[in-house]
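J.: Chain by chain, the residues:
Protein chains: 4
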Amino acid sequence: MMQKLDVAILGATGAVGQRFIQLLEEHPWFRVAEVNGSERSAGQLYGESVRWVLDGEPPDAVSNLLVKPLDAEFTSPLIFSALPKAPAQTREAELAAAGHVVCTNASANRMAPDVPLLLPEANADHIRLIDVQRERRGWTSGALVANSNCTTMPVVMSLAPLRQFGVRRFTIVSQQAISGAGYPGVPSMDILDNVIPYIGGEEDKLETEPLRMLGQLANDAIDWLDAVASASCNRVPVIDGHLVNISVDLAEQPSHDDIIAAWNGFRGPEPVPSLPSAPEQPVMYLPKPDRPQIRRDRHAGNGMTTSVGRLRACPILGYKFVALSHNTIRGAAGCSILNAELLAVQGYLHDFQPRAATFA
Amino acid sequence: MMQKLDVAILGATGAVGQRFIQLLEEHPWFRVAEVNGSERSAGQLYGESVRWVLDGEPPDAVSNLLVKPLDAEFTSPLIFSALPKAPAQTREAELAAAGHVVCTNASANRMAPDVPLLLPEANADHIRLIDVQRERRGWTSGALVANSNCTTMPVVMSLAPLRQFGVRRFTIVSQQAISGAGYPGVPSMDILDNVIPYIGGEEDKLETEPLRMLGQLANDAIDWLDAVASASCNRVPVIDGHLVNISVDLAEQPSHDDIIAAWNGFRGPEPVPSLPSAPEQPVMYLPKPDRPQIRRDRHAGNGMTTSVGRLRACPILGYKFVALSHNTIRGAAGCSILNAELLAVQGYLHDFQPRAATFA
Amino acid sequence: MMQKLDVAILGATGAVGQRFIQLLEEHPWFRVAEVNGSERSAGQLYGESVRWVLDGEPPDAVSNLLVKPLDAEFTSPLIFSALPKAPAQTREAELAAAGHVVCTNASANRMAPDVPLLLPEANADHIRLIDVQRERRGWTSGALVANSNCTTMPVVMSLAPLRQFGVRRFTIVSQQAISGAGYPGVPSMDILDNVIPYIGGEEDKLETEPLRMLGQLANDAIDWLDAVASASCNRVPVIDGHLVNISVDLAEQPSHDDIIAAWNGFRGPEPVPSLPSAPEQPVMYLPKPDRPQIRRDRHAGNGMTTSVGRLRACPILGYKFVALSHNTIRGAAGCSILNAELLAVQGYLHDFQPRAATFA
Amino acid sequence: MMQKLDVAILGATGAVGQRFIQLLEEHPWFRVAEVNGSERSAGQLYGESVRWVLDGEPPDAVSNLLVKPLDAEFTSPLIFSALPKAPAQTREAELAAAGHVVCTNASANRMAPDVPLLLPEANADHIRLIDVQRERRGWTSGALVANSNCTTMPVVMSLAPLRQFGVRRFTIVSQQAISGAGYPGVPSMDILDNVIPYIGGEEDKLETEPLRMLGQLANDAIDWLDAVASASCNRVPVIDGHLVNISVDLAEQPSHDDIIAAWNGFRGPEPVPSLPSAPEQPVMYLPKPDRPQIRRDRHAGNGMTTSVGRLRACPILGYKFVALSHNTIRGAAGCSILNAELLAVQGYLHDFQPRAATFA
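Protein chains in written order, with my numbering: chain A, 6 to 365; chain B, 6 to 365; chain C, 6 to 365; chain D, 6 to 365.
Derived from the structure by calculation, the hints contain no laboratory data. None of these values were measured; they are calculated from a predicted model. This list has only true hints and no planted wrong ones.
All copies of an identical chain are treated as equivalent in the list; a pair is satisfied when it fits inside any one copy or across any two copies.
No farther apart than 25 Å at their CA atoms in a straight line, the calculated lysine-lysine pairs in the DSS-like style are these:
#: 1; residue 1: LYS293; residue 2: LYS73
#: 2; residue 1: LYS210; residue 2: LYS293
#: 3; residue 1: LYS90; residue 2: LYS210
#: 4; residue 1: LYS73; residue 2: LYS90
#: 5; residue 1: LYS9; residue 2: LYS73
Using the sequences plus the hints, can you model the full thing?
T.: Structure (structure tokens):
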């Protein structure tokens, strides 16, 4: 049996941190060996200090770990970060400088020019920014790799297969689950029988991150997609799952069948489809007129598939459709783990080499 | 004391029918004298046959009315219709032909060229289509007047004040309450912890009705607004209130202050502001960044005010904002009643003349 | 016009504090003149510092008040307290000692033997504990009067009319709204699509407060009702309204009609029924088999009526039924205000005397 | 590989019917070969006629089956019935008379004296009523076996381990999910932001079924448990999971540790623990003060474990606690399947003999 790689989770007591722990419980390559949590919880057993917000209880193995303060020494080669923005800003780079490979879900370092904003199916080649990063920063084994905002995810997943048709302009109106705000996050008094048409800072991210993620690596930098995006964000009373209504203007005029074929056939470059956390079908078109629905489709592909539906003509931009991703799996922890799997296979994860059999 | 005018409610046992009854409970001019309900309920007391879905209980005076079948004779000069589409199609015109003034919330006759799709603040002059209608159809005292779809309402209310800037294109993404689907309507299994990105037939209405409603009466017909609309509709788990995310392209480039002033200053032509059901402010701009919110703002102006917020630049169409109306008050029964009030004051309601004191 | 009495609201930025402000907006006797809020908000305008959780916006008159710190001097003769338990413990008594009449919703001083736990319809005579209190504590014009826990309210309201039949044992299983936990209170991640069968400290209150409230004033002390209560508390995803399932063992064997007549005829002693905030009918029996329902009946009597329903035989204790009260109106701010109205009329509120016309 | 046994699902398009199909998708012994649905759907492909209310889509193998009318001939030896009460009444017995083993979730035949109301962990020996049934009714291979009401389930599961202490009286107050009412079931207008304290017929079932299920088989009949139950039922806005607040009077005075040990150690008689659908732990005590919670604990043991918590003293009956079961898995389809597994192993399912290896 293959020796699993030790990983640390930063911000492990928060909502996304918990999802990391849940998703890694039976991971074939990685094993949670260290956890960091809020200052209040440092020094306690994880199982006693965490307010577990997912179903059931945290895994026993992790419950018995002691929570480390953020300034502790970490020995795990691989670190997943679910830190808030402020502590992420400095601590992630320190740990990368110290030789750790840090896969972060925080927004703090996401747009740094030499940090890959990685979504393997869409831009696996951006991983080579790590070489640039290491050279510039003088790092050898360490690295800093980010994944996108959770609402950016269904946007990029659904537009990546359409790049071939020339994406020029797109509008996004989101309906976002409460888990996107973490825990305790949205007070119930604010969201029961309500919709809040505002999420601080979110629209800016949606208007920029997709352009970088859908861009090309050229000359050691990302050449952003030359397109314009307009986003409007809403919080709705659902637990998990972000749904976006997208209108898109394409340079070419593909038929609806062309577009659906592009979505259903989208796989991402080798070796992405073989990675343990990669879904069989990254983007799946649902032909029923009233799908995708948040509750019924968020778990598609174990939460890693983006469901798309309702492709029809937009009288203004040409095409419109609906896309849905699970925000704390594909949109957060699940994508970070997929990123780390790609790093492992591509040789960026120290000398860790997963056995071919587990992913080929 | 003024003698009140008898009114009949068609479809009185449904969700919108109930709202008519609730809103008319203490109306200064009108008095519910006849109710029609489902076939099953005909011949029973209203209070015993209705499954009252609003708060509390139906008013005693109406509870004691006998439910009439749809083919019964009605004696009330004014009829409010909350019928489903199919029975509305024929019965409404029959009753108008028989001399009744029918204010309908049904979609069946909404787009007939000689039926005013009336929203007093926005297009009070469309009322003159009644003259055309009477002449063409050979009616004398009868008339058929419609109000719009409930989601069209916040669109038209928020765009009417902007006509002066040249409305050319607009996108609408709605988040609609369950009460919009009537009763029993949306099964709870379909909507708890869910969003359904589809409402049958709704997007077509949103892409056409606003253009007719925002048009000009010219040569005995409505000259539609020359604009293009694109709509996407979503059902969300809230009880009442439809919220729309709108992006709009205007021919002129008004400042944000210009637009806000246009909204806050919008009143509709005389005598609309003096009508009993007219809100003090038909459109109100809320400056807080996270408003309007469905639950907290749907009751503004007793459910007759459209709340608008979040005006900001749209990178694609120029401007974007959020608008909210109560769907069964302003978007349905409340607007029909306001329409009837305007008809009364303009002399279209037989010889009924409300005392000036009650509305001046 | 009568001069209104100035009142101060302690804890005015919290959920119950806001309800005080809303209910007092058009009160015929009282006028909000001072507000205290969280330390963070002291010195700011109320309208700018409050996170208003009710519908719409706070009244302008209150929005423009400066928030006072808790240790400030207050000049209003009457103080309503919506403080958390810890600051309530000491500050309320200090203010009463300084001559203010303090009507508190906090639990801190609720069970002190000389503090009336007042619910006017049920135990108006307990008000005479104030004389005991003043004598013992050496206060002259000041006083400290409490109202019960918000879930105790429907229990006491529904059992008070049954005291005549000899209440011996009762079980309570509650289903409580999120607003009972204040703001931010219950995180939405904890309550959407969920029920939490636990509310810290609540069951103890439900097993003791009703016995004191339903007791008799005798020899300068309350002689508790000689009964046994067992309570189980659940948090459910509704916004306002606490519903209790009650089984009760009565010494006598009244018929169901006797019990219903006792509820519907219950009024409380003079002058309680004439007080401005007293509902026409404090307890109302709803004969429909599926009522009361939280959303549809919580606003009965402007939130001051307790709705009761489903009276039927309990195979174990004799009788069972359902009762419902609005938790932040009848169960909190509304009851405190009613208490203050009774104090005014009974001459306990300094020399303030409401004009008879306003309440007779 | 073992040949799987063909099974038919009656009422397969309903909410419980769908759960049967979902749970049987990868069942080691049984294979869905026939489906019956509403009259409207008869003759159509299952996948096209069903309004699938669970997550995702129905399994392909079942989607391609033709829906049979209820009076069709069925060839599957084993039939699971999720029929409404009226058609269940006659058709189930007809099919059993024709030689089918019918495991029903319907209430129609549940209380017939010779029909076992089977819950394997609690009363596996009741299965021998089939011999009585066959003899009385002249059936040879056919049989009719029922499972309980979905809310009875957590009551019986939590009380069965306490029979040793002498269960004498118990009160039940339920909080039941919307899926318990089937589809379309509860209109969303009735349950969003609401609790309905009434479920027609449910309380009667809760006051009788547990006494029969917890009884002893003696002289070819069930000797009911000599106890008294009182039930109150509430519908709450959660999707799946029924929670009950129980108070119980026990003849003996076990310590809390005794009771918890009884629950955690409860397994049911051999061979029940080895059946494919049997959970590792049928009843699990959760020590945290705020558990079980409906959303977080309903999936325990794949929906087959009953979670129990909050054991504490009841001042009236002695003990009180909370129990939770997944209503459409353990409380309906899952229990029927477990029943069929027991029938197979005990030789009541024609000559079908599962391979020992799959369940030992």
